[in-house]
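Top line first, the protein sequences correspond to chains A and B. Quick note on numbering: my numbering labels position 204 of the first sequence as 242, and the sequence is numbered without any gaps. Quick note on numbering: my numbering labels position 299 of the second sequence as 413, and the sequence is numbered without any gaps.
Hints are computed from structural coordinates only; laboratory data are not their basis. Do not take every clue at face value.
[As the list claims (entries may be wrong)] Partner residues aside, some chain A positions facing chain B, computed with beta carbon under 7 Å: (1) T70; (2) G75; (3) D90; (4) E96; (5) A131; (6) K135; (7) E182; (8) S208; (9) F212; (10) K221.
Even for Gly, the Cβ is constructed at its ideal location relative to N, Cα and C.
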Amino acid sequence: MQNVVTYFAIFFTALFMQAQTDNAASADATPTKYQQGMQKAFQLWQEEKPWDAANMFERIATAEPDNWLPPYYVAQINVINSFAEKDKTKLTAQLDKAQDFINDATAISKNNPDLLVLQAQLYTAWIIFDGQQYGMTYSPKASELYSKALAIAPDNPRVILSKAEWDMGSAKYFGQSIEPYCKEIQRAIDLFATFKPAGEFYPTYGEERAKQVQMESCN
Amino acid sequence: MKISVITFLIAIFPSLLLAQTIVSGTVSDNNGIPIVGANVYLEGTYDGSTSDEIGKFSFKTSETGTQTLTVSYVSFEATKITEDVSKMQQLKIQLREDVNSLETVTISAGSFSAGDNSKISVLKPLDIVTTASALGDFVGALQTLPGTTTVAEDGRLFVRGGDAGETQIFIDGIRVFTPYSPTTNNVPTRGRYSPFLFDGITFSTGGYSAEYGQALSSVLLLNTIDEPTQEKTDISIMSVGGGLGHTKKWEKSSLSVNATYINLAPYIALLPDRNDWEKPFETASGEAVFRQKIGGGLLKVYGAFDTSNFELTQEDVNQPEGTRFKLNNQNFYTNASYSEMLNNDWSIFGGGSYTYAKTNVGIDEADIKDVENSAHFKVKLKKRFSNRFKLNFGAEQFVTDFNENYDDSNFSAKLGFNNNISAAFTEADIIFSRELALKVGVRGEYSEQFKEFTVSPRVSFAYKTGKSSQLSLAYGDFFQQPDSDVLKFTNKLEAQQTQHYIMNYQYSANNRIFRAEIYKKQYNNLVTYNDEFPDVNTAFLNNGDGYAQGLDLFWRDNNSLKNIDYWLSYSYLDTERKYRNYPIEATPSFANTHNFSAVAKYWINDWKSQIGFSYQYGSGRTYTDLNKPGFLQSKTKSYNSVSLNWAYLISQQKILYVSVNNVFAFKNVNGYQYANAPDVNGNFARRELLPAADQFFFVGFFWTISDDGTDNQLDNL
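Pulled out of the complex, with its shape left as it was, chain B reads as follows (with noise of 0.2 Å):
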């Protein structure tokens, strides 16, 4: 009877014979909506299959014994379970979201990224080199954004009321000390550093991480190239002057070399400006980036130097011959860095950079020698918990060495200050959900030369309110020691203080992005001095304060209008403070209420061209009028200024690049300069203070040569 019952089972189910199994079961996610198309199998074997349209699977197995079960499904965590098969029966797998996927929410609360790889990019890294009014510097492009204050005849970054000191710019994450070129009154200074070296470009206005420090209003963060795309040799004839480049790959290295020489000489003698030149600006220079990857690593070593000189006489109200000044720079930038993944999801970077600067100015009879020397060096651990939790956390040192000699026919005199601050920093990214996350972090500082340690707190959180839509907050404590005009006469203070509040909105969707911030900024710790001029007599204090607030609006859109890409900017701003030798608290000069950019871009096809526009309007600046009483009471008028550029690819690797700012030569003025002592009635005469010239034009061609022949420098322009 044995034998008839077995083989009744066998003629029944014969795959017992085989010893198959069935495992079974739905996969859904968090919610418990079905997953469609997940991958579900045994690890290591062939069998398996994808869950069906109610998330269903069921697939055969000849396998025995404890196997483990994989389950994935795009931008889902994949799920193991580990068991005896005969076990898998039934199974209710549910998926967690994988927060690392685009849907999730990210902090964007005071930051604006450019680069191909962040989720929250509002400019493409090309942008910083098309905007119209830009003319290649990463800074200028910047400034079509919100946050920013229009301060033309300056140059660099004036954000939130902030001065152009309260900016700090990291190359790969690793301080640059000199950022700007040297330049004189009323005529804008530009980047040091060529755009074309950097694919990230992050531009934070407040509440940034506590890694960075010693910057009070904000921080911008510029990444280099890990790894170039090609060999290739550029060649551009600009009006202006002209540049040589080469990039040199071998099979775990590159070296990219830059050299360009500009002479503003023969501009100046074409259409002379309001300066009276003895000697045009002029600039030569260099730069290098070495590239190597050393087993899981990635050593980056970069070096720059130029050296500039120009010498010219400026209008002066209280000197009918003008001001002569002369300067003559020479700066060396050098920056490397050192990043590896290690095992269980350490990171490690290390990294430190030196400048070394020296500047002759000679003003008059006066002549005044700087040298300054100055290093920081950062190391940095990195663990990643799961893609959930992410530690942060490391040590940084910063070292200045400032000389200045003073000479003049009646007055001689050395000065000169030692800073060094050392940090440390800590920061953990908590991810809940793809809803909610949290940045916490804390930064810690000693300053040797004012004995002084001081505690800055940070944190950042983002919730996600829609689809395509987020809210989210920043708090920050940030800590900045005063400038070198300070130091060199002082050690008995304390850093000065700021705290921020921020409130972003950010809808995005469709290749349109608008941005709504709200934020208060608190000053304290000021720096306050008596004279009008500070000297070594002077007697500095920590008594200044102030506070800006404001709203911030961007708008832009890539999707509506056919072949054009354009944005808009808008900024309110309400400052005073008092600081420096301020009588009272007041609007500074480098502060205006509104703000307005706009800049668009359209490609014609047939033309093979794109012609660029931008529209830069800032409202009147505030200045003090000596014949009415009162301290920064009155206000220039307002700025306006409209630029074009076009750029023709003649053919794939040459390019005609004209361009001209302020097309319509509005006539603007950046503020007035009063005479020292007031004339036989009693009247203070003054003087316009007019950029050096309304307009400005600009012509090159640009020419790359490659083995492929398809690249070209439009990331240059």
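Chain A on its own, in the form it takes in the complex (with noise of 0.2 Å):
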């Protein structure tokens, strides 16, 4: 049975890069320790630094206790620098830190659903990790964050693709039609064709895994 959701975790495992160029170019003549810092971190992230990357958001957290993206950011690398790893002792450290994060950032902004999509996302490291162990725990939660998230941002297309591509994998498993879940991902990507992140350095990820997604399950 665990099997089953290690199967679904499998369609989890694409790694979500974050395309944040873009925001930089929003930047100011002036741009505010804050700007530089963010910058710094998302320059570091791309030079494949992903680690000196999370230890400065770390730094910014920690100054600016008010503003939920550095912890965002800290965690979204954790979980993501978690799905490959095999290592227990070394996975449970980071998803450890990346809940702390998350914890942090849930405190600073209630109900965001970037969160709640965050948050299924690192249910669904410890499903891939071990399915049999976690899988029954974990999915149902998963599951209902992304209804959460969707209740709260019915037209957000990063929502939109995270819950399809969920609902996707197990939807192939058991022989059902995918057809819905692929009328969710062309919505996504209309969505995403007009989305504008809510501020400076807001999450903006999502489109090209939606497209990817399209191209794989559906034609």
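Now that you have both chains on their own, put them together as the hints suggest.
Shown next as structure tokens:
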């Protein structure tokens, strides 16, 4: 049974990469310390130094206790780098750290769909690691988080994509039609075209992934 | 000239103008090994850096005066240095290992955990319900672990030479007084509570914490789910009955209700067993759990009610027409607990339970009515002084009021007792390093009935012998009152006592666990009497004693064979005791020398099915052969049983489940019943005590309805 869950989870191993460069352009002539710090962190991330980037975001988080974005990115880097982690000690340390920062971010910004999606991805990392042990506990939790995120932000393309991809995995396994989820992914792609992040450094990823999923699964 | 000097300085060191300071140093662990990737920064500023390949860091800051430098790295304790920035140069920072991390040694002597978060979990929550022989009974799954004895006709837990009454069960830390469904001879009982309400199970076969008392051999700790994952409705249709469950969630609270009806009449009509049923087993039960978050605290209220009845005639060697047995039982259990994290690393837990159990038993002409009212209250405080030192202390009160009316044509009696026990305990957890941990506790108990005060020290210790292996030792004294069969006749006794000595070795890596445990248990003050069946005139004494010693082995491997998860358990037990009306010290009939279990689960992806297999072996158990001299001098043949189950996922939310116990229909003999008087040749006639049925078949269909359509009832199976 557990392996069913593992199977779902494999659909999520695809990593979400930040397309953050667009934001950098919007910085005005004299960037603030916050803007400089965030740009530096994204730069480190793009130079494939994710842990240096995470450390930078963590430093910003302590200096900006009322901003949910720095802890969000600390958590995201830890979650993304846990998808392929096989060492349980390391995985536990990273996901515990990610959970702490999700908790910090959630305390600042409640009912934030991006945080709900990240929390679901954190559970997915556990399920990928050991579906048998964590599948039964975490997959309903993840499902519920996606549903909750979609209820809060019905037109957020990233939320639509994440939920559709999660649901598609199980539908495929049981030989059910994935048609409704393909429709959702098309809707996400349409919405990405006009998507404007709510502010500077807000998450923007997902468009590439949506097109990739559509190409691989929906034709 | 002066001006030019300044100009010169500014030209050479432009940073002076901006008053920039360089913060530098190295980060290493306790052994001086550099830590790569540590985050080093001035708190509340943007200034900081990451340590490099040789643990060095260096960064510029324009901050001045006293600042706090924080150094942190995953699985180490963060360190802070507060001083003037100008002095923060060539710092040598050593980080202490975070003893909360997974690599820290844990005390594993005597205990098995099932759960997601436990570091030493040998069973996963699902195992409780997917073990082929268990039929969804959490006790059944634990019987595949070492340290338990196969007593197939009973169904309760017999641990390391102890009888079933020596194991106590706790839900959320609160005692359960009547954990098993009522049954009759040779029909195994089941746990009353449905396994899917629990997400953590700890089964200790000895040497447990000072928090738990009134158990000579073992404790089973069940924790209910804090927060259900989603709203859903569960429907189950089974060959023996049906069930309906629903979970509702609100912002800060949730309610789960569950009702089950079981009636064995159709099953027995189709597959008659060895008993002559007038009224086959019938039970209706309801359970509810309500959870409410209050600020930083959590309130849980659990309630369960069930009513069972059956009537049958069983073979009896002394009565050609058989013995008529009739039972009617009502049981109500409620448990409420509240826990909260307070300030300054204090946490508090308070809870209580109340049990009402009413049983009417008819044996031939005799009519016995028992009413038991029991309660348990507990309060516990915990202070975390640091990650390395934690202190627990608390107090609890047990109250039991038991009444029995016995009536037959020529005798009637009213019996009863009040048993109040007050207890206090304290325990300290000390973690010296990731390699060495110690737990020391003491428990005091006062029995109002016996006017007796007992003190039980408990100590356990764990040492890490390698990256994946550890050694644990445990010692403890344990006291328990005699059970109601004795207490209803007398209160002039003392508590019975055991001492446990345990040594445990555990190796765990790559989804493989190996455990070996040797133990010695000394029994003292066991209750003795001289009549065959105790009654109001029986003289009871605390004259008995005994011992149990042995070796338990456990191996689980989820890695070597693709899609197969299996475990093997073996127990060797050497035990003798003198208690009850034993004329000499002997091995009791509920203990045997060798027990072996093998459990395997095979996932077949193409079939969307899980096939489960379990094999149980128990060497022969003792009985007294009246045709030979001696007491408990003979042994039955060994016990063997192979069970299979098959869970098929029809769709995400529909599961078909089939199971067969004892597939090969081995004829197992649980013991013998001898005639009260010899026949004309001086021989005592005997009858085999056989299970009611050699095999059991089960078919069930489980359907879950939830909003998102992914949850299912696999964890109910």
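Hint by hint, here is what the structure shows:
no.	hint	in the structure
1	T70	violated (10 Å)
2	G75	holds (5 Å)
3	D90	holds (5 Å)
4	E96	holds (6 Å)
5	A131	holds (4 Å)
6	K135	holds (6 Å)
7	E182	holds (5 Å)
8	S208	holds (6 Å)
9	F212	holds (5 Å)
10	K221	violated (17 Å)
In this structure, the hints that do not hold are numbers 1, 10, in rising order.
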